[in-house]
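Peer 1: The residues making up each chain are set out below.
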Amino acid sequence: EAAVTQSPRNKVTVTGGNVTLSCRQTNSHNYMYWYRQDTGHGLRLIHYSYGAGNLQIGDVPDGYKATRTTQEDFFLLLELASPSQTSLYFCASSEGVANTGQLYFGEGSKLTVL
Amino acid sequence: TQTVSQSDAHVTVFEGDSVELRCNYSYGGSIYLSWYIQHHGRGLQFLLKYYSGNPVVQGVNGFEAEFSKSDSSFHLRKASVHWSDSAVYFCAASINYAQGLTFGLGTRVSVFP
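Here the protein sequences line up with chains A and B, keeping their order.
By our numbering, the letter at position 7 of the first sequence is numbered -9, and the numbering carries on one by one without gaps.
Plus 5 on top of the position in the second sequence (first one is 1) and you've got our numbering.
Quick caveat, the hints were computed from the structure, so don't treat them as lab data.
Glycine residues also receive a C-beta, built at the ideal position from the N, C-alpha and C atoms.
Heads up, a few of these hints could be off.
Partial pick of chain B residues on the chain A-facing surface, computed with a CB cut under 7 Å [claimed, not checked]:
#: 1; residue: G48
#: 2; residue: L49
#: 3; residue: F51
#: 4; residue: G58
#: 5; residue: V61
#: 6; residue: A103
#: 7; residue: F108
#: 8; residue: G111
Cβ pair distances, simulated, as ranges [stated by the list, open to error]:
#: 9; chain 1: A; residue 1: T70; chain 2: B; residue 2: G33; range: 32 to 38 Å
#: 10; chain 1: A; residue 1: S(-9); chain 2: B; residue 2: H45; range: 17 to 23 Å
#: 11; chain 1: A; residue 1: E63; chain 2: B; residue 2: R47; range: 26 to 32 Å
#: 12; chain 1: A; residue 1: G35; chain 2: B; residue 2: G58; range: 25 to 31 Å
#: 13; chain 1: B; residue 1: S31; chain 2: A; residue 2: L61; range: 32 to 38 Å
Chain A with its partners taken away, still in its complex shape (with noise of 0.2 Å):
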């Protein structure tokens, strides 16, 4: 079963922080995503990405990096945290074939900024 591991799970930071949101998975996966989840809004895509190097933007980029390091590893990063980023943050993976599209997600990174 395809795993996909976030960390930190629970990370505050102050206005204006720097902050990196790491997501792992090991099946092998060449798509991987991240999105936030809030209340009212549900999930929403940020950014993805189709192999290592490779970033596509999403639907809320705005204030957000990513890097794709290797197949396995996927980063968020926050360069100047605002509150308005206080959210749950998933990460997720997915083969990216139509008869298969299923997204494996990791357990969330719940974000604070104060």
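Fit chain B to the given chain A structure using the hints.
Peer 2: Only chain B this time, still in chain A's reference frame:
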């Protein structure tokens, strides 16, 4: 672009009851639809999907969903719920599966004994 709407924010049922969660999408072409479940404090887990073929699809733990192109719907059903089915259920859609999924706002299901 595609949109997904889930008309019920919260559904309350008793153990053993049937439940139907509604999902409607807006997009005129071929679309990939799926349902996910999120238990409290956990990540989302895949339940089932539809891309083509038989419009009734079976998923894990007795869930099934039916696709209707005429109604632009993909409703999720379960004949007899268990307390462990208490969770938030998300309908999701994609016209290009590689570009991720667009999620509805979710329906919280509370199952009482």
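Peer 1: Give a verdict on every hint.
Peer 2: Hint-by-hint comparison with the structure:
1. Annotation: B/G48 was flagged as interfacial toward chain A, and the flag holds, the nearest CB pair being 4 Å apart, inside 7 Å.
2. Annotation: B/L49 was flagged as interfacial toward chain A, and the flag holds, the nearest CB pair being 5 Å apart, inside 7 Å.
3. The closest approach between the C-beta of B/F51 and any C-beta of chain A is roughly 5 Å, which is under the 7 Å cut-off, so the hint is satisfied.
4. With 7 Å as the threshold, the beta carbon of B/G58 stays out of range of chain A, its nearest partner Cβ sitting at about 10 Å, so the hint is violated.
5. Nearest Cβ of chain A to the Cβ of B/V61: about 17 Å, over the 7 Å cut. The hint is violated.
6. Contact between B/A103 and chain A, as hinted, is supported at the beta carbon level, the nearest pair being about 4 Å apart and thus within 7 Å.
7. Proximity of B/F108 to chain A holds as hinted, the smallest CB-CB distance being about 4 Å (cut-off 7 Å).
8. The beta carbon of B/G111 is positioned within 7 Å of a beta carbon in chain A (closest approach about 6 Å), and the interface hint is therefore held.
9. Range check, A/T70 to B/G33: Cβ separation about 37 Å, and the 32 to 38 Å hint holds.
10. Restraint check, A/S(-9) to B/H45: a C-beta distance of roughly 21 Å satisfies the suggested window 17 to 23 Å.
11. In this structure the supplied range 26 to 32 Å holds for A/E63 paired with B/R47, their Cβ-Cβ distance being about 29 Å.
12. A hinted range of 25 to 31 Å holds for the C-beta pair A/G35 and B/G58, which are about 29 Å apart.
13. Taking the beta carbon of each, B/S31 and A/L61 are about 33 Å apart, inside 32 to 38 Å as hinted.
Comparing the model with each numbered hint stated earlier shows that hints 4, 5 do not hold.
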